[in-house]
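Trainee: Each chain, written out:
There are 2 protein chains.
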Amino acid sequence: MKTVILCGGSGTRLWPLSTNEKPKQYLNLFDNQSLFTKTVLRNKQDSLLVISNKSHQKIVEDLSPNETSFIFEEIGRNTAAAILFAALNSRPEDILLILPSDHLINNIENYNACIDKAKEFALDDKLVTFGIKAQHPETGYGYIESNGNDVISFKEKPDFETAKSYLKAGNFYWNSGMFCFKAETFIREIKLFAPDIYEECLKVYNKSENTDQKITLKKSDLLNIRSESIDYAVMEKSKNVKVVPADIEWSDLGSYDSLYDQFNKDQNGNAVLSEFISLDTKNCLIINDEKEKMITTFDIEDLIIINTEDAILIGKRGQSQRVKEIYNKIK
Amino acid sequence: MKTVILCGGSGTRLWPLSTNEKPKQYLNLFDNQSLFTKTVLRNKQDSLLVISNKSHQKIVEDLSPNETSFIFEEIGRNTAAAILFAALNSRPEDILLILPSDHLINNIENYNACIDKAKEFALDDKLVTFGIKAQHPETGYGYIESNGNDVISFKEKPDFETAKSYLKAGNFYWNSGMFCFKAETFIREIKLFAPDIYEECLKVYNKSENTDQKITLKKSDLLNIRSESIDYAVMEKSKNVKVVPADIEWSDLGSYDSLYDQFNKDQNGNAVLSEFISLDTKNCLIINDEKEKMITTFDIEDLIIINTEDAILIGKRGQSQRVKEIYNKIK
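Line by line, the protein sequences give chains A and B. For the first sequence, this note's numbering begins at 191 and goes up steadily by one. For the second sequence, this note's numbering begins at 191 and goes up steadily by one.
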């Protein structure tokens, strides 16, 4: 089994903590470890392949164990292409476990059981996706409607009313972005449903040089490849998909509100990364990235307070999806 | 007439903007001028004497016009001593206009009329204080109960109920900390009511050297002097006091709430010193002392947000008296 960690994504939703130079997966948010490192440690892989943007080569190499293989893309072309590069980089019978680099999983026992289950399906030539049991009517994720391990349908991000109906129905799962299949299974299916992506990726891959288990793919070549998600290019079209429901205390940490949920709180309900001095301060998320600077507060509650070298962000808890608007306003 | 500007006071209530190194009077809060500079410019003095802590010598010299005289104290001994030094530094018949360096006065026409009125009383050998008509039941100031220009009594900082009764009565004024009298009048009265302060100050003053209109008073000498306010040492005891009611749009800028009141607001009620990027942000005071850093906000209202090199302060508007508690917690 080969673990493939995808390190794409710019993580604008955690700006200013997450930046293009240092995206979310490289932040030490929990246990003084990066989410990338936690992903590596969570998986006792036979082998590890990391697919990353070329601009993060230094940081990701430093965090990776010896014997890691790397594919560096000078520009990202979304998950369909990245995963196909992983498959092309593998033996046909290799079972690939495809993982985002920036998610949190707290129930390792269940996680390992899910991986074992997925491996069985993968050996049986299936494309396996992992479904997170919906906890609330989230509108930010795609959903998988299932009957046991069989997929009935994939659903795009729903509106709130639709999300509520999914939650009520009980057989809808959040699409976690984790997958498992044999390399040859994925290649066969993408040839069928996205032949253009297959052809272009194969050309780009065959042109590349592999030195010391490091492959760099050039921007000028990559730009010929259609940028598409694995969900849209393959999973939603294939009849050969299984879903493994995964009760693994998962979070994609996709917003400051979800960060607040995951952090430990003090007796006043504050989730605080770094020392601070406060009077009557309740239920706030406070993250300070400048150790020599002090954050002090009085008579506030339900605020998100983020300080980095570049910027200070202050907003209302529960509204952290607006960070993206702030980010776009700045650009 | 000789203007005497008192630059004492550490201004902990505007921490972290105001610090021991750079107290409130030297901050460029309005019109890109320091409050000290505004005080100098407001008074078209015949001569100017500045009394400052020795540690601020460089900053206050740079801000003062040519021909300014200085008395530098290595340690502050409160206003009774400082004003006596000013009197000892003057001719007996000089009329002294004693002014704090860190207040805001917006009605200059009325201000000048008040000064003229005070001068008349001073020539008639009176100690003159300036009373600000109480605007709200403030518990942070002393009050002067008056009958026209005659003082009935001085009142210590009242509790809220008492302050409300003062406001209702109509003949109670806030004690502004501005005074006017002849040098000889003040010396005569302080000899009478605080002879120990007079004796010690005289000794210290006579030991000092006056070079280029600059006098430095040594800490070891100053420590022999009782630290007392002019109000307590002289004004409250003398029968020779007049009050000039001053309708001059005065603020002592003694808190972030009073700063907010004085600043111009944008269309959302925000008082903002520096650029910022916001979504749905209302009635906030936002001061950013780091020009290269951006403050961004969403879905907040009624907050005080202060950023300096040393610290970030975030609190609720209307509660800014708590800054002093924060400051004490840090020390």
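Some hints could be false.
It does not matter which identical chain is used: a pair holds within one copy or between any two.
Here are the simulated DSBU-like cross-link-like pairs (lysine-lysine), alpha carbons at most 30 Å apart as the crow flies [said to hold, decoys possible]:
#: 1; residue 1: 455; residue 2: 483
#: 2; residue 1: 323; residue 2: 408
#: 3; residue 1: 455; residue 2: 521
#: 4; residue 1: 244; residue 2: 483
#: 5; residue 1: 427; residue 2: 358
#: 6; residue 1: 347; residue 2: 514
#: 7; residue 1: 347; residue 2: 307
#: 8; residue 1: 234; residue 2: 244
#: 9; residue 1: 427; residue 2: 481
#: 10; residue 1: 212; residue 2: 408
#: 11; residue 1: 521; residue 2: 472
#: 12; residue 1: 506; residue 2: 427
#: 13; residue 1: 521; residue 2: 307
If you're looking for bench data, these hints aren't it; they were derived computationally from the structure.
Trainee: Enumerate the violated hints, using their earlier numbering and listing them in ascending order.
Mentor: When the structure is compared with the hints, numbers 2, 9, 12 and 13 turn out to be violated.
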